[in-house]
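Going down the list, the sequences are from chains A and B. 81 is the number of the first residue of the first sequence in my numbering; add one for each residue after it. 48 is the number of the first residue of the second sequence in my numbering; add one for each residue after it.
Hints listed in this document are in silico derivations from the structure and should not be mistaken for laboratory results. Since this is a predicted model, take the numbers as computed values, not measurements. The hints are all genuine.
The calculated label-pair distances, taken between Cβ atoms and stated as ranges, are:
1. B:D95 x A:S384: 24 to 32 angstroms
2. B:L128 x A:S122: 17 to 25 angstroms
3. A:N350 x B:Q61: 54 to 62 angstroms
4. A:S322 x B:Q50: 55 to 63 angstroms
Glycine included, C-beta positions come from ideal geometry on N, C-alpha and C.
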Amino acid sequence: MTSISDIKSRIKDKSARSVIEEIIKLANDSSDYHAFLDITASRALDRADQVDQGKITGKLAGVPFVVKDNFLAFGAPTTAASKMLENFNAPLQSTAVEKLEQEGAICVGKTNLDAFANGGSTENSAFGPTKNAFNKERVAGGSSGGSAVATALNIVPFALGSDTGGSIRQPASFNGVVGVKPTYGTVSRYGVVAMASSTDTIGVLTTNVQDAELVMSIMSGRDKFDMTTLPDFFEPNNETKSNQKIGLVKDFMSEDVDLDIRNRVNEYANKLRGAGHIVEEIDLPMAKYALAMYYIIVPAEICSNLARYDGVRYGHRASGVKTLSELYGKTRDEGFVTENKRRIMIGSYVLSSGFFDAYYLKAQKARTLLINEFNKLFETYDVLLGPVAPTTAFKLGENIADPIKMYLNDIMTVPTSLAGLPAISVPFGKDNLDLPIGVQLIGPMKSDALLLSLAKTMEVL
Amino acid sequence: MTQINREDVLHLAQLSKLDLSDDEINGLQIDIGNILGYVEQLGELDTDGIEPTYQVTGLSNVWRDDEVIDYGIAREALLSLSTESLDNSIKVPKVL
Numbered sequence: 081m082t083s084i085s086d087i088k089s090r091i092k093d094k095s096a097r098s099v100i101e102e103i104i105k106l107a108n109d110s111s112d113y114h115a116f117l118d119i120t121a122s123r124a125l126d127r128a129d130q131v132d133q134g135k136i137t138g139k140l141a142g143v144p145f146v147v148k149d150n151f152l153a154f155g156a157p158t159t160a161a162s163k164m165l166e167n168f169n170a171p172l173q174s175t176a177v178e179k180l181e182q183e184g185a186i187c188v189g190k191t192n193l194d195a196f197a198n199g200g201s202t203e204n205s206a207f208g209p210t211k212n213a214f215n216k217e218r219v220a221g222g223s224s225g226g227s228a229v230a231t232a233l234n235i236v237p238f239a240l241g242s243d244t245g246g247s248i249r250q251p252a253s254f255n256g257v258v259g260v261k262p263t264y265g266t267v268s269r270y271g272v273v274a275m276a277s278s279t280d281t282i283g284v285l286t287t288n289v290q291d292a293e294l295v296m297s298i299m300s301g302r303d304k305f306d307m308t309t310l311p312d313f314f315e316p317n318n319e320t321k322s323n324q325k326i327g328l329v330k331d332f333m334s335e336d337v338d339l340d341i342r343n344r345v346n347e348y349a350n351k352l353r354g355a356g357h358i359v360e361e362i363d364l365p366m367a368k369y370a371l372a373m374y375y376i377i378v379p380a381e382i383c384s385n386l387a388r389y390d391g392v393r394y395g396h397r398a399s400g401v402k403t404l405s406e407l408y409g410k411t412r413d414e415g416f417v418t419e420n421k422r423r424i425m426i427g428s429y430v431l432s433s434g435f436f437d438a439y440y441l442k443a444q445k446a447r448t449l450l451i452n453e454f455n456k457l458f459e460t461y462d463v464l465l466g467p468v469a470p471t472t473a474f475k476l477g478e479n480i481a482d483p484i485k486m487y488l489n490d491i492m493t494v495p496t497s498l499a500g501l502p503a504i505s506v507p508f509g510k511d512n513l514d515l516p517i518g519v520q521l522i523g524p525m526k527s528d529a530l531l532l533s534l535a536k537t538m539e540v541l
Numbered sequence: 048m049t050q051i052n053r054e055d056v057l058h059l060a061q062l063s064k065l066d067l068s069d070d071e072i073n074g075l076q077i078d079i080g081n082i083l084g085y086v087e088q089l090g091e092l093d094t095d096g097i098e099p100t101y102q103v104t105g106l107s108n109v110w111r112d113d114e115v116i117d118y119g120i121a122r123e124a125l126l127s128l129s130t131e132s133l134d135n136s137i138k139v140p141k142v143l
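Produce the complete structure using the sequences and hints provided.
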């Protein structure tokens with residue numbers, strides 16, 4: 081698969097321009113998959129020329145990447161896959177994109193997602209779904225579906241995504257690539273369209289773990305424009321520590337999880353044992369409540385964050401309205417997809433007086449219980465292991481009519497999001513339909529480097 | 048199972064500033080009822096005396112100096128994002 085070092089050697093042999101031209105052609109030729117909402121050819125080629133002229137340098141000089149279209153970036157509109165922002169040309173770039181550009185990387189396109197990142201299949205995109213890289217009749221996963229498919233198709237060596245409840249890890253697993261959801265606060269969210277502020281994280285999808293390490297080391301660190309960022313703690317870790325204690329989460333291995341997936345996770349556990357680690361089954365009883373917490377807390381935050389789309393300052397504005405109230409109502413009806421509306425209204429419900437204590441406050445208290453359970457486990461275990469999702473990529477349209485069925489696919493990714501923990505999805509084999517399977521490694525807060533280091537050593541074994 | 052009636056949906060739509068079509072109202076009534084029914088399982092948990100978690104970093108009171116920061120974005124560029132602006136202001140329909 082295409083790695084950063086492959087691309088670098090191709091640039092050295094030819095030129096950044098010729099490599100970027102090839103990548104743009106690959107991206108255009110992949111239109112069947114609908115991974116891209118826009119290809120930023122002119123800006124990308126201009127930057128490639130500057131790399132060839134020695135004006136742009138850095139650790140990623142000339143290396144192409146793509147970003148999920150909820151990252152503000154120059155060269156194309158930032159739509160968040162919504163009618164609301166269809167024509168929104170960002171006046172600034174997200175910190176994550178800026179940091180990568182400072183190291184010479186070249187953004188070649190914006191990738192598809194569920195509108196405002198609300199969803200787990202990329203079917204909620206206002207511009208049509210992305211198709212799975214391994215089977216065009218199946219979903220890409222989501223919400224970072226376009227980023228996962230662009231990476232899996234070997235168009236780019238890495239793609240940025242956001243993960244609020246599994247939106248990097250699950251599409252990574254569905255498309256056989258590496259997906260990193262860092263510790264909450266590791267990477268600045270400045271310039272990324274907000275979804276649920278207490279769990280939104282910025283991460284990366286790559287073809288191999290080492291590249292993920294490099295990109296994370298560039299993007300991480302405190303940003304004065306995002307007050308929730310943590311002081312930089314991320315330091316790639318090259319020590320291969322053996323005899324780590326790893327907990328295999330039994331609650332993630334029930335019969336509701338595809339047998340092929342459980343088998344692969346058990347094989348991964350054996351591989352870890354073979355590498356000198358200790359793997360033991362552990363219980364995480366609060367995990368079964370995490371989805372219920374998530375679908376209270378996250379809609380509440382979505383309802384607040386999407387309140388800003390009022391048709392006044394930017395974005396879509398409905399026409400033919402007479403009053404401001406009509407302007408709001410019609411603009412928001414036209415600009416949001418049904419899943420956005422569903423979550424906004426759930427949020428309005430759980431935050432409204434009379435229901436606040438029973439739903440929102442209850443969920444935030446339950447969240448404390450979940451975090452306590454994780455903390456207790458991390459007194460004994462270095463890392464937790466389980467599947468990423470209970471299924472491999474499902475068929476397009478299969479779950480769209482039943483929101484709860486769709487939400488249940490997040491059941492093993494949301495617990496870590498609510499707790500702010502780092503987790504990565506590592507591709508590990510396929511099921512009987514030849515669809516990729518991902519295993520999930522979860523660590524305590526700020527253990528990102530250790531998780532990546534462990535995944536890296538396992539990748540080469 | 049939480050029952051949500053049509054009036055509840057219309058009230059939520061109003062709180063959420065969404066002018067919904069009839070078709071969507073019917074679908075949302077079912078979905079929202081089902082989702083609220085699903086999340087009610089949290090009632091099984093004893094959360095007496097448990098502090099709620101609103102954020103996970105432990106950071107608090109992150110201040111910055113009270114200085115104007117130049118974001119490098121011109122006022123005109125921001126105003127141009129709006130559909131209608133006039134004299135450094137954004138135009139909206141009448142409020143009442």
